[in-house]
Amino acid sequence: MKESKIITIAFILGAIIGLISITPEVVFTSGAMEYVLYVLMLVVGVSVGLDRDALVAMKRFRGPLMLFPLVILGGTLIGSLVACIFNPYLLITDALSIGSGMGYYSLSSVLINNVRGEVAATTALLSNMFREIFTLLSAPLIVKYFGPFATIAAGGATSMDTTLPIVQRSSGNEYTILSVYSGVVLTVLVPILVQVFVGGIRI
Amino acid sequence: MWIVLSIFAVGILLGVLLRPVKHKIKVSISKTTFYIIVLLVFLMGIQAGENHAVTKHLGEVLGNALLIGGFSVLGSMLLVKLFVSYNKFDIGRLNNLVPENNLESLIVKEEPVLHESSDEASEVQPETMDDVVLAEPENEASEVQPETMDEGVMAEPESEASAVQPEMPDDDAGLNTNNKDEK
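Chains as they are written, first to last, in our numbering: chain A, 39 to 241; chain B, 895 to 1077.
Bound-form chain A, shown alone (with noise of 0.2 Å):
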């Protein structure tokens, strides 16, 4: 929680810092944060290969359950759609995308900042963060009204770090393994499924 608190406070000082308009133009100006998100997308991506024991969680699960994962992110894609049902002005492509953070806000918002502007982001953002915050404070409640394996949906990408502990409480630990290869299979997933969804799915 303590870098969601740094995040936090991170965004704020930056929004007041906007609010009061002392920021040079040619930082925006120069493309500097497309630099700095493209070596971010490296870092991620040499994080990823150089875990070897994210990839052998991969391998560890057959059968049905090996989808488990997958089964997380249909729901919350169709979960996203349903929300653009009571609200029609918001595009599919961005509640699909802002969806599809899958509770990794800090990444996707930064995505999405990149492509459909500040709006979105911070709607990412504030939407991620809910999924995160709404998984600790419910899991107790998540366990009794959706069974043991919804904390981990719940948690979506986090459920391999932040919601870990939440979910070995509530649900059992029974359930880290599957916590764990799920969160890693959709921290994966994430920045693909954001970039597709926010680019309007065009190849």
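Careful: at least some of the hints might be erroneous.
[As the list claims (entries may be wrong)] Taking lysine-lysine pairs in the BS3-like style, the calculated list, with each CA pair at most 25 Å apart, reads: (1) A:K182 with B:K982; (2) B:K982 with A:K40; (3) B:K925 with A:K43; (4) B:K975 with A:K182.
[Unchecked claim] With the Cβ distance kept under 8 Å, some of the chain B side facing chain A (calculated, not the full set): (5) G905; (6) L933; (7) G939; (8) F983.
[To be verified] Here are the in silico distance ranges between beta carbons for each label pair: (9) B:Y929 with A:I54: 13 to 23 Å; (10) A:I130 with B:L956: 19 to 29 Å; (11) B:Y929 with A:R90: 20 to 30 Å; (12) B:E954 with A:L175: 16 to 26 Å; (13) A:L129 with B:L976: 20 to 30 Å; (14) B:L912 with A:Y73: 16 to 26 Å; (15) A:I44 with B:I919: 18 to 28 Å; (16) A:V74 with B:K982: 45 to 55 Å; (17) B:G957 with A:L175: 14 to 24 Å; (18) A:P126 with B:K918: 50 to 60 Å; (19) B:K982 with A:K40: 34 to 44 Å.
Just so you know, these hints were derived from the structure itself, not from any lab.
Just so it is clear, CB atoms sit at the ideal spot from N, CA and C, and this is done for glycine as well.
Mind docking chain B on chain A? Use the hints.
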């Protein structure tokens, strides 16, 4: 879009190639990722603050965030519930799918499993890791990887073991997928 995805793919490839020299990399990848994300989120905050559309429609932004977040969580939980009930997964099946030695490295046990009754435990209380292994001759998993067990799964005095909450597996415990606490 393809530039970002290509860079991501190159990063994964680079990571795989760097695996043999992973221990020589002095820079913490997870910390580097975190600092870059903080920088980008800070810059994003500045942009959001400067953009009057965000500040003017903050209520709408918040409403949309809750709408998408709420329905996406609900959708994923419902679909998982359907998936689990359709396939009739149970925890026994889940355990069978994972090799025991790997499972042991991840899951923190509630209590030491070294004894049948508390009376016996008070008489024979192993103090070292070697004792733990010797006490479970039939458990192959413990024999092959004693170093993966951390102090959280070690034998503790009985009164404390029942009172203390089990700790999470730490960085040394098997699948350390590490690196993105900043989600």
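Kindly indicate which numbered hints from before are broken by the structure, ordering the numbers from low to high. 2
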